[in-house]
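*Asks:* Residues per chain are reported as follows:
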Amino acid sequence: MTKPVPNSSRFVSLGLFTLLVSVPQTLLAQVAEGSAFRVDRINALVLVLVFSTAVLLYTKWAKAGKPLYLRKIPGLDAVEEAVGRATEMGRPVLFVPGIAELDEIETIAGISILGRVAKIVAQYDTPLTVPVRYPLVLAAGQEVVEQAYIEAGKRDSYDKDTVKYVAGEQFAFTANVNGYMMRERPATNIYMGAFFAESLLLAETGNAAGSIQIAGTARPEQLPFFIAACDYTLMGEELYAASAYLSHEPIMTGGLKGQDFVKVLIVLCIIIGAALVSFGYGEWFINLFEAV
Amino acid sequence: MRTTVPVAIAFLSGLLLVTAFFFRADTFVGGLSQELTVWLTIVGGFTLLLGVVSIVRVNWTAIQRRKEGWGYKILTILAVFAMAIPSVLSPDWSPLFGRAEGSVYDWLFQNLQMPMMATMFATLAFYIASAAYRAFRARSAEATILLITATLVMLWRVPMGEYILDQLPGDIPAFLNTYVMGGFNMAVQRGIIIGAALGAASMSLRIILGIERTYMGKG
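Protein chains in written order, with numbering that gives the first Met the number 0: chain A, 0 to 291; chain B, 0 to 218.
Hints are computed from structural coordinates only; laboratory data are not their basis.
The reader is advised that the hints may include incorrect statements.
[To be verified] Computed Cβ-Cβ distance ranges for the label pairs, DEER-style:
hint	chain 1	residue 1	chain 2	residue 2	range
1	A	Ala63	B	Lys66	53 to 59 Å
2	B	Gln63	A	Val49	54 to 60 Å
3	B	Thr177	A	Val263	24 to 30 Å
4	A	Leu275	B	Gly182	19 to 25 Å
5	B	Gln188	A	Asp158	40 to 46 Å
6	A	Leu287	B	Met115	46 to 52 Å
7	A	Leu46	B	Ala137	41 to 47 Å
8	B	Pro168	A	Val49	35 to 41 Å
9	B	Val52	A	Lys59	43 to 49 Å
10	A	Gly281	B	Arg98	18 to 24 Å
[Claimed, not checked] Looking from chain B toward chain A, a few residues come up when the C-beta cut is under 7 Å (computed):
hint	residue
11	Ile54
12	Tyr126
13	Gly198
14	Ala199
15	Leu204
16	Arg205
17	Gly216
Positions of the beta carbon are idealized from the N, C-alpha and C atoms, including for glycine.
Extracted from the complex, chain A is given alone in its bound form (with noise of 0.2 Å):
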């Protein structure tokens, strides 16, 4: 009897087949008759390639059942426990995906973490509160929490209004986030996604309100804030790591070791460039990478 084909795996395949068939066509086809292809971009098309095979092939492996080391990340474990300490507190605990659209990789990002944490703040049966300041991003928020919720058996539980939208404004959604933090002072404060000026205003107050505080941002001008102001940061690919790795399932952790391997590769080509300029051959090298 034939196994079943998973609908990731009919994607993954199909894919693949796209590229490599839809790539080489393409270059001819420029080659050909000057066509609309962008040639200038294709060392970016080689590290997309070179980047996809790596985290299709350590998914595979990982599917594979064979082991993937992944290091610890404190703040991630620190969910659970911090949760706990709500739900012994009796107090909210307050999640906020950010405060960009949801066509924000980062915001995506914090929706996936925001599943997790649901999940387990219904389990514990601990009151949720996640403001959000665009539209869209409240719809997929009420969907993800909702599904949590069905998932952990705590269906009645489930408020519709713990995902409320708020403000559209930055600033108007930061005074009313501030607000509710100092009233009902939550003893868990999450930020997950992208946060911009309003990163320091939220987490010292929610510092001055004594929450124990979890933030994660890929913006390396916010980072600062969050680590003078939060218990544990996620800094840049932590935080696009925090749902595979609350996830603890393999076909999730082996995307974040084919960005590894990856990211070995670029070292290596730092060193080699850094070589290479250093006696004077590097000008070829560098235009390798020259983003266009």
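Model the placement of chain B on the given structure of chain A, informed by the hints.
*Replies:* Relative to chain A, chain B alone:
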């Protein structure tokens, strides 16, 4: 079905946008990707109604239950409609409608919303001071290095501080510029940016291929 269709849409949209990056904007693929961006704006516009429903329901429930500060909730609901209704009415009916200068919307924006936002932003200075005090307390060797470096960089960034540094022996501004900002700081920032970019690409790939479904509440 509830999973397959969204995953298929994510796969096709993602593949299209990635492919479009390698084609010129005036081609079919390039045009289609721009079209998708317009669709996003249109869908976002429709979802505004969801936001209004949410904000009214949450605040109305608080008013009904006479929760602490329920009076402010009435103000919030009034503010939503006071800003929204005159702005969507045609300015042909009255100069108070629409969003042009002299309209109700413009008056509320200029005289209430803008000053309130500016006030919130201005409070950031006080928050920075308290956060800096906590971060720069010299409680360990690392914190002391951070304190000294941050003090020198802050001094260097203001004219009077730069003057003071110029009076000291050695070229401290050049050291700060070359080694601290252009060396350690830039190296760390780039490391974070490269890691974040790879993380974003990896997550995008997981979403496009349907491996990551947590954003839909699955998995």
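*Asks:* For every hint, state whether the structure bears it out.
*Replies:* Each hint tested on the structure:
1. A:Ala63 x B:Lys66: 53 to 59 Å: holds (54 Å)
2. B:Gln63 x A:Val49: 54 to 60 Å: For Gln63 (chain B) and Val49 (chain A) the Cβ distance comes to about 58 Å; the hint holds.
3. B:Thr177 x A:Val263: 24 to 30 Å: holds (29 Å)
4. A:Leu275 x B:Gly182: 19 to 25 Å: holds (20 Å)
5. B:Gln188 x A:Asp158: 40 to 46 Å: Since Gln188 (chain B) and Asp158 (chain A) have Cβ atoms about 41 Å apart, the given range 40 to 46 Å holds.
6. A:Leu287 x B:Met115: 46 to 52 Å: Cβ of Leu287 (chain A) to Cβ of Met115 (chain B): about 51 Å, so the range 46 to 52 Å holds.
7. A:Leu46 x B:Ala137: 41 to 47 Å: Given range 41 to 47 Å: holds, Cβ gap about 44 Å.
8. B:Pro168 x A:Val49: 35 to 41 Å: For Pro168 (chain B) and Val49 (chain A) the Cβ distance comes to about 51 Å; the hint is violated.
9. B:Val52 x A:Lys59: 43 to 49 Å: Given a distance of about 45 Å, which is inside 43 to 49 Å, the answer is holds.
10. A:Gly281 x B:Arg98: 18 to 24 Å: violated (54 Å)
11. Ile54: holds (5 Å)
12. Tyr126: Holds - the Cβ of Tyr126 (chain B) comes within 7 Å of chain A, reaching about 4 Å at its closest.
13. Gly198: Holds, about 3 Å.
14. Ala199: holds (5 Å)
15. Leu204: holds (5 Å)
16. Arg205: Holds, because the Cβ-Cβ distance from Arg205 (chain B) to chain A comes to roughly 5 Å (cut-off 7 Å).
17. Gly216: For Gly216 (chain B), the interface hint holds, since the closest Cβ of chain A sits about 3 Å away, which is under 7 Å.
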